[in-house]
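Visitor: One-letter residues, chain by chain:
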Amino acid sequence: MKKVSYEQVVEAVARLCKESNYFLGEDVKAAFVEALEKEESPTGKDILRQLIKNAEIAAAEEVPMCQDTGVAVVFLEVGQDVQVEGGYLYDAIQEGVRKGYTEGYLRKSMVEDPFNRKNTGDNTPAIIHTRIVPGDKLKITVAPKGGGSENMSAIAMLPPAAGLEGAKKFIVDTVRKAGPNPCPPIVVGVGIGGNFEKAALMAKEALLRPLGQPNPSPEVAALEKDLLEEINKLGIGPQGLGGRTTALAVHVEIHPCHIASLPVAVNINCHASRHKSISL
Amino acid sequence: MADRYITPPLTDEMVEELRIGDQVYISGVLYTARDAAHKRLVELLDAGKPLPVDLKGQIIYYVGPSPAKPGQVIGSAGPTTSYRMDAYAPRLLEIGLKGMIGKGSRNQEVKDAIVRHKGVYFAAVGGAAALISKCIKKAEVIAYPDLGPEAIRRLEVENLPVIVVNDAHGGDLYEEGVKKYGIPT
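Residue numbers (the numbering used here), protein chains in the order written: chain H, 1 to 280; chain X, 1001 to 1185.
To be clear, the hints were calculated from the coordinates, so they are not data collected in a lab.
No residue lacks a Cβ here, since even glycine has one placed at the ideal position from N, Cα and C.
Careful: at least some of the hints might be erroneous.
[To be verified] Part of the chain X face toward chain H, derived, beta carbon under 8 Å:
#1 P1065
#2 P1067
#3 G1126
[Stated by the list, open to error] Listed next, the in silico DSS-like pairs over lysine-lysine satisfying Cα-Cα at most 30 Å (straight line):
#4 H:K225 with X:K1179
#5 H:K29 with X:K1180
#6 H:K38 with X:K1180
#7 X:K1180 with H:K45
#8 H:K233 with X:K1180
#9 H:K38 with X:K1134
#10 H:K276 with X:K1069
#11 H:K29 with X:K1134
#12 X:K1138 with H:K99
#13 X:K1137 with H:K45
#14 H:K99 with X:K1137
#15 H:K99 with X:K1069
#16 H:K53 with X:K1180
#17 X:K1179 with H:K38
#18 X:K1179 with H:K29
#19 H:K29 with X:K1069
#20 X:K1137 with H:K29
#21 X:K1180 with H:K168
Using the sequences provided together with the hints, build the complete structure.
Guide: Written out as structure tokens, the structure reads:
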């Protein structure tokens, strides 16, 4: 049994909150550069250049790349042979978020009640998703998620007769409706199958996959390629001002489902596709 | 499409010169307000009370900045999505607000109010928050400090780059962009 201390978790989470907001992933930066080569709209090109420059400033000065430093979404992969010592794991996560958002001058965006809207002041609570896995590692991923793009996400409980075409139509229509609002070029996470909550969780997890890495299943990879092409025909373009680069990537995850169901969830991420991981 | 340099307060004539697609550099004073601050401003108007800031001829920037690090004027400060302010914007245009800066599309009521009251809606680059903060030379909270990132701030800016999306003549750059680059399937 491997032991991980409460403090180690707090420190790791605090660091990941800061680093994910300051340092854009190499995969996203590479996708910007590739998009810049393909983009036909002069305004679109100019915006992509600004996004590259913005990422450079944020990293150099260690400031948030976007003022919306998001809900702290935390994915845990807990090896079944890991023991957390000195306190409750979830408390350590919340303390790490509190520490990271405060020390890192990150914006606190969580309100304590959806109706009274009083800010909690420290960006807690984080939203935590836990998976128990084999082994003795504790993997923590912090994925700050902005409100603008999250608000454009959608789920449909389609009838099975809708089939692949129905699912594709819902995904493309969701992006069309989102238009300029979620800060394109976007990353589109899709979950198909499972049930209502499984589809939504898969859509969010799909956003964690490195850009440009297709789903291992050739059929799903072909669907991703097809969807990306369809979405980039919409003409929405960088910041919605028109252009070829509406999405940088579409990532699809699928799962078995009930004979009556065909759930399709679309989680839209802005161009600041942020996430950082650590294994303890 | 032209490069233009403007300083608020804006007049009807200044606004009428702006056309969709124009790249505009704003210098001078802007006021920040987003969801919760807008709600309070409109509640004051409904109650017939004065606003904490005179908005005549002014521009509101929809932003909730991140906290300033030591030595910084303001933290990262990119635009937030504008449609959430659609419920309040026509009311503020009616009392003399001239400009709004945000990102994303506005509803028909706001677009109509922009034409009726000779206003303008600008988009700043969403997410380019570290870059945009470089144009902000001074920032102070002037109302609703309890709202934290949503408090109303008075900003002094220099050459803040924005693009005209909805002009006083009814133009909509987002619709034009999709028309120009959309490929029918």
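Visitor: If a hint holds in the structure, say so; if it does not, say that too.
Guide: Tested hints:
1. The restraint placing X:P1065 at the interface with chain H holds, with a minimum CB-CB distance near 5 Å, inside the 8 Å limit.
2. With 8 Å as the threshold, the beta carbon of X:P1067 comes within range of chain H, its nearest partner Cβ sitting at about 5 Å, so the hint holds.
3. With a cut of 8 Å, the hint placing X:G1126 at the interface with chain H holds, because the nearest CB-to-CB distance is about 4 Å.
4. This hinted pair checks out: H:K225 and X:K1179 have alpha carbons roughly 24 Å apart, not beyond 30 Å.
5. Distance hint between H:K29 and X:K1180 is fulfilled; the C-alpha atoms sit about 27 Å from each other, no more than 30 Å.
6. Straight-line distance between C-alpha atoms of H:K38 and X:K1180 comes to about 16 Å, which keeps the hinted pair within the 30 Å bound.
7. Distance hint between X:K1180 and H:K45 is fulfilled; the C-alpha atoms sit about 15 Å from each other, no more than 30 Å.
8. About 11 Å separates the Cα atoms of H:K233 and X:K1180, which keeps this hinted pair within 30 Å; it holds.
9. In summary, the hint linking H:K38 to X:K1134 is supported, as the alpha carbons are separated by about 29 Å, within the 30 Å threshold.
10. Under the criterion of a C-alpha separation no larger than 30 Å, the hint pairing H:K276 with X:K1069 is consistent with the structure, at around 22 Å.
11. Restraint check for H:K29 and X:K1134: the C-alpha separation of about 21 Å stays at or below 30 Å, so the hint holds.
12. A distance of roughly 28 Å separates the Cα atoms of X:K1138 and H:K99; the hinted pair therefore holds under the 30 Å criterion.
13. A hinted pair counts as satisfied when its Cα atoms are at most 30 Å apart, and X:K1137 with H:K45 qualifies at roughly 27 Å.
14. For the hint pairing H:K99 with X:K1137, the CA-to-CA distance comes to about 29 Å; that is within 30 Å, so the pair holds.
15. Of the pairs offered as hints, the one joining H:K99 and X:K1069 holds, with about 15 Å between alpha carbons and a cut-off of 30 Å not exceeded.
16. The suggested pairing of H:K53 with X:K1180 holds, with an alpha-carbon distance near 27 Å, which does not exceed 30 Å.
17. With a C-alpha separation of about 19 Å, the suggested pairing of X:K1179 with H:K38 holds against the 30 Å cut-off.
18. Distance check on the hinted pair: X:K1179 and H:K29 sit about 28 Å apart at the alpha-carbon level, within 30 Å; holds.
19. Of the pairs offered as hints, the one joining H:K29 and X:K1069 holds, with about 25 Å between alpha carbons and a cut-off of 30 Å not exceeded.
20. Straight-line distance between C-alpha atoms of X:K1137 and H:K29 comes to about 29 Å, which keeps the hinted pair within the 30 Å bound.
21. Distance restraint check for X:K1180 and H:K168: the Cα-Cα separation of roughly 24 Å lies within the 30 Å cut-off, and the hinted pair is therefore satisfied.
Of the numbered hints given earlier, the model fails none.
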